[in-house]
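*Asks:* Listed below are the residues making up each chain.
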Amino acid sequence: MSAPQDRTATANLTYDELAGLKADRELVLLIGPAHPGSGHMKIKVWMDGDIIQRVDPDIGFVHRTTEKLSENRLYIKAIPIVERVMLPDTINANLAYVIALERLLGIEPTPRAQYLRTLTSEINRITSHLYGIGLYGIFLGSSTVYMWAFADREPLIDLIEEISGARITYSYIIPGGVRWDLPAGFKERAETVLQYMEARLKDYGKIWVRNPVVMDRTEGVGVVSKSDAIRLGITGPNLRASGVDYDTRRAKPYAAYPNLDFEVPTFSEGDCYARLLQRVEEIEQSIRIIRQVLKDIPDGRIISDDIYSKMNPLQKRMYEMKHRVMFPAYMASMRPAAGRSTASVEAGRGEIFFYLVSNGDKVPFRFRWVTPSFLNLPFFTHVMVGQHLADLPAIYGSSDYFPPEADR
Amino acid sequence: MIQILSLLMSVSLVSFIEYILPPILYIIVFPGLIVVLLMLFFMIWLERKVAAKTQLRFGPLYVSKRFGGVIQTVADLIRFSFQEFIIPAGADVFAYIQAPGLLMAFGLLPLIFIPVGPYYANIFPANYSLLIVVPLIIITPIYVILLGWASDNKFSFVGSMREAFLVISYEIPLILSILSMILLYGSVNAINGVSFQIGRGIPGIVLNPIAAFLFLVVMIRTTGRFPFEISEAESEVVMGPYTEYSALFFGIGMSLPYIELYSFSLLFSVLFLGGWWPIVPSAAAASGVVGGLLLPGLVVFIKALIVMAFLVFLRAVYPRYRIDQAITVGWDQAVYLGFAAVALSMALVWSGLV
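For the record, the sequence lines run as chains A and B. 1 is the number of the first residue of the first sequence in my numbering; add one for each residue after it. 1001 is the number of the first residue of the second sequence in my numbering; add one for each residue after it.
No false leads were slipped in.
Output of the computed footprint for chain B on chain A, the stretches with three or more beta carbons under 8 angstroms from beta carbons of chain B:
{"id": "1", "segment": "34-48"}
{"id": "2", "segment": "130-141"}
{"id": "3", "segment": "210-222"}
{"id": "4", "segment": "387-393"}
Quick caveat, the hints were computed from the structure, so don't treat them as lab data. Using N, Cα and C, we set each Cβ at its ideal position, and we do this for glycine too.
The shape of chain A in the complex, shown without the other chains:
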């Protein structure tokens, strides 16, 4: 039940030292990359009995060279690339990149576009959290919550499909605004979905969040203290579940968040159960934000005047008729002035950081981004030591770690 106190005693030993120390007792398990509980990564675990002595996560199995690919393409073509690595949460990757690009170009999106960005971002945050909750279910052995969470992503995905025309990879946000406007009757349908989601959260509470077995498995397991969370550089819901009140939406406001009234839930326990509750609470806050966005959304263009003025007459007519942005030729030949820009966005799993350097060419000189799952990785080696083997999936699942996102 309780973790041994001497968790630092063996943590810093090399493998050889550890092998000499406990040669007859030790078991080295390779969990992954082809293991039902590992995802696309390998976790090398040194065990003494059932207690984990040392953990070495080995990542990179799904590295997709997004940075190098993007440095060899037009600026606009990086949007689909950054989306591909974080499939449950594509809008936020898209948004982070576009904000960095807009800062490089010096253009500002219109207020309506800002609200639409916030709307899609929050819908994606809910789907991302549902994805995380569902996978946590399969890690702890509850196939029910897994099926429920994945099924309940569908109404939200349908909702965002109405706006963007795609289910997962939307490529919805472009420099200067967004590509499509809200369809007619969207607000009513969205309200239906939000009410459904609220009712479902109550069901999740019954079968998953307040399930006695779940509470036994997660409470007091994988505790990250507040200072450790800051020291290890953990981000997103995992950070807030350790009691740190930090949210990029509030700390470095972007899109329409400065105009919106929402809370940033935090928990002080820092254990797996707190991380689970954190996600449920954030879904509730996202529902609140979506309601506000739909109520307050201003009228106007969804694309900034900079881009609109560069459209040809046919494209302008198309925009006036269908509120649909067709790419002006400018998009294919954007040459931002030499300089550098950064952008931070609160994605479902934490803060995405973008760093773009332009030397005035058609392609970025340097394209660098850090994804939340990568930042959450040190957490594994820190927390799993001293826990039971069975706690490994409990901790892994609670961190909502997504290997493709970390590998980029």
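Chain A is fixed; fit chain B onto it per the hints.
*Replies:* Showing chain B alone in chain A's frame:
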């Protein structure tokens, strides 16, 4: 020669029906092999279907769509039959091959000694049935441990060690639970137990609910149902002891918990649910195959099915416990409950209430 022939002649049709047919029926049909096989198909299908209904999906559907995919398990069996049976290079081949067979044999053996009718004693020695059934049930996991050891795989090893720990932890509660019922019924013959329940008109689950609950918990544990699906926990140890197995041998590993579940449920309905009550065949019906054997057996079987359906439904409700939590429950609360059950039985017997 003539003597042998005349002996054969004397085995008339009547004596065939009276003496030879019933044991064959018991072994082959009921509660024996054919029913076990059908029960396996049905129960695995039911588990998947019920879980699917809870989880907002269809479950097995496309094999025999008109009947809700009920023969999906048969299709799976055929698939298992045609798979290649792979023996890992480092495996202990003899143990690796024989363990699933022994596992199956010892999984099926308890079925012979669980009486499913009042005249079972005429056919099989049932005087010490409970004393035989308990060790037979407990011995099965030893071959699970052998499976894991023979596979030469770390996950198999961890899984089989988990199984070993859990078996040891839950043996005492199981024995205490059955012991309390033996004390109550005053006999190690399960038939006497049922006639005790029918005679008093009170099922054992009402007489000693603690023992019934404890037996249920041990049943969930031993058959690896959720929330005690620990030695095969997929996200931790892949498939536990069965990780390296393939083809039909893997199918045996998959179906064994259901066979164990079946024998446990039969025992549960005999010990706690009044056995073949409300059907109490008269002595005249004893020799009748239908009235004396099949009908009481059917009642016990239906009761066992309901128990099994409840247990397989737990999959949709609970995730799994951690091994140390399960072991703690086994050595701590479950043992206390076991002593409480024994004490309750002794109190009932001494006070003369039953």
